[in-house]
Amino acid sequence: MAEVIQILILGMALGGVYALMGSGLSLVFGVMRIVNLAHPVLIMAGAYVAYWAARLYGLDPLLTLPIAAVILAATGVILYKLVFEREARSAKYSEMTVLLTFALAMVIEGALGTAFTNTQRVTSPDYATDAFFIGDIFIPKGQLYAGIVSLAIISALALFLKYSRFGYAIRATTQNREAAELLGVNVNFVGLVSFAIGIGLAGAAGSLVSFVFSFFPAKHWEWIAVLMSLVVLGGMGSIFGTVLASFILAVVAAFIGAYFGATWSTLTFFVALFVVLLVRPQGIFGEKPELA
Amino acid sequence: MASLDTNDVLVARKAYNAGLVQDVSKERAYWFPALVLALLLLLPALQFTGNYNYLIHLVLFTASYVVMASGWNILGGFTGYISLGHNVFFAVGGYFAGMIFARYGISTIVLAPFAGLVAGLLGYLVGQITLRVRGPSFIISSLALVMIFRILFENWDFVGGAAGVSLKANDLPVQWAKLPYYYAFVLMAAFSVWAAYRIKHSKFGLGLRAISKDEIKAESAGINTRFYKTLAFAISAFFVGMAGAVWGEYLTYIRPNIFLIILVSVNMVLICILGGKGTIAGPVVGAVLLVSFNEFFVATLGASEINILATGLIMMLCLMFFPLGIVGTLARLRKLPRILNWD
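These protein sequence lines map, in sequence, to chains A and B.
Going by the numbering used here, the residue at position 134 of the first sequence is 134; the numbering climbs one at a time, nothing skipped.
Going by the numbering used here, the residue at position 211 of the second sequence is 211; the numbering climbs one at a time, nothing skipped.
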């Protein structure tokens, strides 16, 4: 029994990190209908910000989280202006943006690899290797802190979307772009801001990732399928769905990893992605099968 | 009033169609692809005068990408289903032929068609599953496929796991060692271009193009879209698998991190986008360009990281400014040289 609780806790802690990694992706898809395959590599970029801040100035990744978020959000604005704004009128928009973000992912991966080499990196603040003990059960501090911070950020995002006037506009655009525009929402600006927020969330997630996983530029391909499985299972565009899916899949993966070996735990996400696309392409909370 | 006989109308129609066909074929420069093929077949004669192994390798490399990109084009270009996971079939073809070669010594060149069939069969099965979804979902599912196969191959001890299997190099003198693979790839490339042409001009190909324009309308016009696109998936996997089979023996090893890296499948996609998706000459033009780019970047900049960056950058610029590719853009401007009009 203690073993089951232990695995459950480890899974939940990872689920918290995955939730933040996936929520930015979900937001960008919801508002812009962009399946951002470059999201994982932008998380990687955020992780490098945290890594170098820790390495050069000895700053704690949790402290540099806002800095990483702001730097990445600014990157998001630039990318939006340079690349995605002009694609808005493209006939095969969704397909086009997938290919574009895929190419963008390669560009960023290549840039990161050139600048920082493909060496495995990890930031190691004291808490990353420490743990709380409750009887036989241990809770790794790093993952616990990361999970808490991640849930705090997601809650703040949810409150912003629910209660602020701009949040209304974002949700309206998500539900129906044309209708929102008719009612006087500047959908272009909403698109820009939510894209920036989404990429900013990638930066924040990167700071957490920097001490939870070891990373190197080419690793983002693995994350693409992991994050896609979260977002697709939760229902593309639904942030709450993404969070729920993160916890479900992380816990399932933890159990599979514990009983069948670590290799198969990664496979959980990919197989889940496949199965969801086939059985219920709109995911748990997706309403229309827009993607199908 | 004289009534119109249906038969008369049909006969007139047929005569008119036949006239159109003649018009097109008069314009077509058949001699050009034939000349290119003849030159490529004679190229190894240079080996009598000196060492041109590097040139042979480059043409072989280009031809291998022509095979793969032409195959990819049948699904991605004609049918409009973009797959970023076609290197799975490259790996399956390579492993199937490579393992038989390692155990029984049967040359992979002989095995290539069978490896293609195995890959095609797998493509048919995968297509049954993933072609239920369209657009971005299909692209994502193809990426997931690569990840699944990578994990499977890396943990399958029978095929050597992550370390892969080494294959025996042939014992020809170094001057001629590349030639069997060279001829295999050049002939496969010619075959794949010819097959793509035949498919595009068949009723099947017309159905595929109808699917890429509007699948629902195609379905209501009586096309069995499910069967058509699954078959297109299988055929495209066939060509990619065939290329993989010979590639393994040429490299003398099969290993997941050679066959199942994303760069291989990206190159197929990028070649078609560069050259022009859905055109016959596109994959050939794209392959020549991409291999030249690659050689240029590796020669001048060296590192593979920069190669990834450059590949991504070319892909982005091409998608943003020339989404139709070179052949497609020129054709739209009506400036396509006759020698490249293979459609």
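Hints are computed from structural coordinates only; laboratory data are not their basis.
Here the structure is a predicted model, which is why all the values come from computation and not from measurement.
Some hints here could point you the wrong way.
Claimed, not checked - Some chain B residues close to chain A (C-beta under 10 Å, calculated; not the full set):
| no. | residue |
| --- | --- |
| 1 | Pro33 |
| 2 | Gly80 |
| 3 | Gly222 |
| 4 | Asn307 |
Said to hold, decoys possible - Once the Cα atoms are required to be at most 27 Å apart in a straight line, the calculated BS3-like pairs of lysine-lysine come out as:
| no. | chain 1 | residue 1 | chain 2 | residue 2 |
| --- | --- | --- | --- | --- |
| 5 | A | Lys162 | B | Lys217 |
| 6 | B | Lys217 | B | Lys335 |
| 7 | B | Lys335 | B | Lys168 |
| 8 | A | Lys92 | B | Lys14 |
| 9 | B | Lys203 | B | Lys213 |
| 10 | B | Lys14 | B | Lys168 |
| 11 | A | Lys219 | A | Lys141 |
| 12 | B | Lys203 | B | Lys217 |
| 13 | B | Lys213 | A | Lys92 |
| 14 | B | Lys217 | A | Lys92 |
| 15 | A | Lys92 | A | Lys81 |
Positions of the beta carbon are idealized from the N, C-alpha and C atoms, including for glycine.
Checked hints:
| no. | hint | verdict |
| --- | --- | --- |
| 1 | Pro33 | violated (29 Å) |
| 2 | Gly80 | holds (8 Å) |
| 3 | Gly222 | violated (22 Å) |
| 4 | Asn307 | holds (7 Å) |
| 5 | Lys162(A) x Lys217(B) | violated (40 Å) |
| 6 | Lys217(B) x Lys335(B) | violated (32 Å) |
| 7 | Lys335(B) x Lys168(B) | violated (49 Å) |
| 8 | Lys92(A) x Lys14(B) | violated (36 Å) |
| 9 | Lys203(B) x Lys213(B) | holds (15 Å) |
| 10 | Lys14(B) x Lys168(B) | violated (57 Å) |
| 11 | Lys219(A) x Lys141(A) | holds (24 Å) |
| 12 | Lys203(B) x Lys217(B) | holds (16 Å) |
| 13 | Lys213(B) x Lys92(A) | holds (11 Å) |
| 14 | Lys217(B) x Lys92(A) | holds (17 Å) |
| 15 | Lys92(A) x Lys81(A) | holds (19 Å) |
Of the numbered hints listed earlier, those contradicted by the structure are 1, 3, 5, 6, 7, 8, 10.
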